[in-house]
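Use these hints to put chain V onto chain P, whose structure you have.
Protein sequences, first through last, are from chains P and V. Each residue of the first sequence is one higher than the one before, counting from 22 in the working numbering. Each residue of the second sequence is one higher than the one before, counting from 48 in the working numbering.
The set of hints was computed from the structure by calculation and includes no laboratory data. Nothing here was measured: the structure is a model prediction, and the numbers come from that model. Just so you know, not all the hints are guaranteed correct.
Mimicking BS3-like on lysine-lysine, the simulated pairs with C-alpha atoms at most 25 Å apart in a straight line are [stated by the list, open to error]: (1) V/K312 / P/K46; (2) V/K202 / V/K388; (3) P/K46 / P/K68; (4) V/K335 / V/K388; (5) V/K317 / V/K357; (6) P/K38 / V/K66; (7) V/K332 / V/K77; (8) V/K202 / V/K178; (9) V/K357 / V/K78; (10) V/K357 / V/K187; (11) V/K357 / P/K68; (12) V/K357 / V/K335; (13) V/K219 / V/K388; (14) V/K178 / V/K312; (15) V/K312 / V/K332; (16) V/K77 / P/K46; (17) V/K66 / P/K46; (18) P/K68 / V/K332.
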Amino acid sequence: MVMLVTYDVSTASAAGKRRLRLIAKICLDYGQRVQNSVFELDLDHAKWVECRARLLDTMEPEEDSLRFYRLGNQWRERVEHIGTNPSTDLSGGTLLA
Amino acid sequence: MKRHLNTLFVTTEGSYLAKDGAAVQVRFEKKTLLRVPLHNLDSVVCFGRVGFSSQLAAACAEAGVSISLMSPHGRFRAAVVGFSPGNVLLRRQQYRAADDPELTARIARNCISGKIANSRSVLLRAARDAKDEDRSSRLKLAAKQLAPILRRVAKADDADTVRGYEGESASKYFASFGDLTSVDGFQMKGRSRRPPLDPINALLSFLYAMLAHDARSACEACGLDAAVGFLHRDRPGRPGCALDLMEEFRPVLADRLAFSLINRKQVSCKGFEVTSSGAVRMDDKTRKTVLTAYQTRKQDTIEHPFLGEKTTMGLLVHLQARLLARHLRGDLDEYPAFIWK
Chain P
22 MVMLVTYDVS TASAAGKRRL RLIAKICLDY GQRVQNSVFE LDLDHAKWVE
72 CRARLLDTME PEEDSLRFYR LGNQWRERVE HIGTNPSTDL SGGTLLA
Chain V
48 MKRHLNTLFV TTEGSYLAKD GAAVQVRFEK KTLLRVPLHN LDSVVCFGRV
98 GFSSQLAAAC AEAGVSISLM SPHGRFRAAV VGFSPGNVLL RRQQYRAADD
148 PELTARIARN CISGKIANSR SVLLRAARDA KDEDRSSRLK LAAKQLAPIL
198 RRVAKADDAD TVRGYEGESA SKYFASFGDL TSVDGFQMKG RSRRPPLDPI
248 NALLSFLYAM LAHDARSACE ACGLDAAVGF LHRDRPGRPG CALDLMEEFR
298 PVLADRLAFS LINRKQVSCK GFEVTSSGAV RMDDKTRKTV LTAYQTRKQD
348 TIEHPFLGEK TTMGLLVHLQ ARLLARHLRG DLDEYPAFIW K
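Isolated chain V (complex conformation):
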């Protein structure tokens, strides 16, 4: 089984990455900040103005370490990856499945069932933890409203119907987000993105970007084409398959983390700034806190509900990518989405 390898996040603007033997060296103003052997890494994520040498790019490609370049606020810009690993037969199978409306609907249905079930769990868990009776009952009510949608999704037999239910559940779910936090200044008035208009949305967008990065590497690591999705339609530059895989993890890995960070006061409103366009962005310190929390979360152990194996949260998305590959190959009748308990 794949080992859970670390991700190197480079957030220091103006730093430079060089190859040093079989390791990455992070340099800043002629000083070495960090040196990490390539075999300890799964990927390198650079934020903003970070340079790297072509020798490093080649060594990373060969060692199967991807280098992602993100904007300072987590928007994906470019990636350096080596030859697609694995298997052209699997990719052909994936394209065939993506062209087959029935298969597409089945995979999309399972992804979204997983997402809604996990969203419900997040709401119910928050309801149990809430000290305020009113808040708790509102959260329970929201979770209750998701249940019938979940039943209807299970019967949906084309992808567009699934997309419709997804939208319906998402609007119900996000409507109850205000009840998930109890800290002033973090009130949420619905989901906004491109740009995010309040701190919670900025936080969520950033975490989703990190999750998308991980899902994308998971697809590539097991030979799937990250661009060809089932729930997400093909669009140039959009990693559809990675976004499909990510759906079931959004509530568990991103949303819950965002709310713990706020409720535990690890991030505060002061760590966010409003730009002239109205977009809300987090500052460097907050971004580092969020990245550290995200990495720590990924190292928590959990038992995989379908495989029954102990694993880390960070490896879950890799396991799901492999399960999807197994389904596409015909070794599994259905794609078993990750259901968080």
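Okay, chain P solo, but in the shape it has when bound:
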């Protein structure tokens, strides 16, 4: 399935800047960055539980916000991309470099 993760992390303090970096790194461990604070994660449920737990451990609910969108297995019909930086289809297409 594909999860869409977006966040707003308060960068008013040094601790906030650190959280921003950590949250981005966690997202990158599980998926790809599609826009500045938007990530698409193509993973199974077990991996998602792990990822979600790590994100919740890192964030500060008083200051930051996280949003998770469940795009499911039929996500290809639900996503349209226009413009620069198109994403790579990690589970479907051919990974050729």
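Here is chain V on its own, set in the frame of chain P:
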């Protein structure tokens, strides 16, 4: 059930693979070409001069992602895999079966029955699609010649007899290969390998190498020893069990794909070069086309004839490896080969 995970093919000579968090990063001249999380990958296949870091090798081994190093033309050179997964009991059982002439013959017989049946299906399908009456009837005749061999294989009770029938069917099958294509410049005069002497053979050898790679990972993924085969005798460096598993898939996954690529003019003779030794090799662009087509083919869905489950073509070889493991454990009376319809 195992998810169908992707394979990352790295064909850019001089690129470097690094570990970035829990992902593989493909770098070329200090630019990042691609970044793929490890959990999306089944294996990484590198062609030619591609480097990788030891941290990446360790992370891949731990995540169960194999890294294979191939020559630019698809010959297997080396692999990085972690600890063998699964089960020493299964492997012992596999060695016992490989030492038992009767069990060996039964497994070899089923693999080859599958291969011949699938070869027939490929010929018959091509005969139906052929517009030329002569070609169509020649293909039907070739398919007809395979039928008696199939019946005799079913009765064979030692592995050497099976190997004999395999050779007989293969020579009949490859003899009719010329009728499978209708494009000039792709005439085939029998199978040649090491080195392949014409474009079709180069294409087939490359696809077989990819298939062998997949079969090998399938064996390792379910705890079988890829080196100990039944039809293929043990030889250092030869993945016998993977080659056994591969037999039934050759006609369906490799041969048919090769002919569609040629007939649809996705590859042309210009994409092949003859080296000074007479060996024929494909160029980078053709190789990329072939890899893309192979990956796309693996994502097609199909219903498994024995299990009755919907799956992808790419997972079939994994399912077959598990069925073989079940047979070796004694949970299945026979190894049910994959029969393509």
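Right, here's what the structure says about each hint:
1. V/K312 / P/K46: Judged against 25 Å, a Cα distance of about 44 Å means the pair is violated.
2. V/K202 / V/K388: This hinted pair holds, its Cα atoms lying about 23 Å apart.
3. P/K46 / P/K68: Holds, at roughly 15 Å.
4. V/K335 / V/K388: violated (29 Å)
5. V/K317 / V/K357: violated (39 Å)
6. P/K38 / V/K66: The hint holds at about 24 Å.
7. V/K332 / V/K77: Roughly 23 Å separates the two Cα atoms, so the pair holds.
8. V/K202 / V/K178: violated (37 Å)
9. V/K357 / V/K78: With a Cα-Cα distance of about 40 Å, the restraint between V/K357 and V/K78 is violated, given a limit of 25 Å.
10. V/K357 / V/K187: violated (30 Å)
11. V/K357 / P/K68: Between V/K357 and P/K68 the Cα gap is close to 24 Å, so the pair holds against 25 Å.
12. V/K357 / V/K335: violated (28 Å)
13. V/K219 / V/K388: holds (21 Å)
14. V/K178 / V/K312: holds (17 Å)
15. V/K312 / V/K332: holds (14 Å)
16. V/K77 / P/K46: holds (20 Å)
17. V/K66 / P/K46: Satisfied, since the Cα-Cα distance of roughly 13 Å is no more than 25 Å.
18. P/K68 / V/K332: violated (36 Å)
Going down the numbered hints, you'll see the structure goes against 1, 4, 5, 8, 9, 10, 12, 18, while the others check out.
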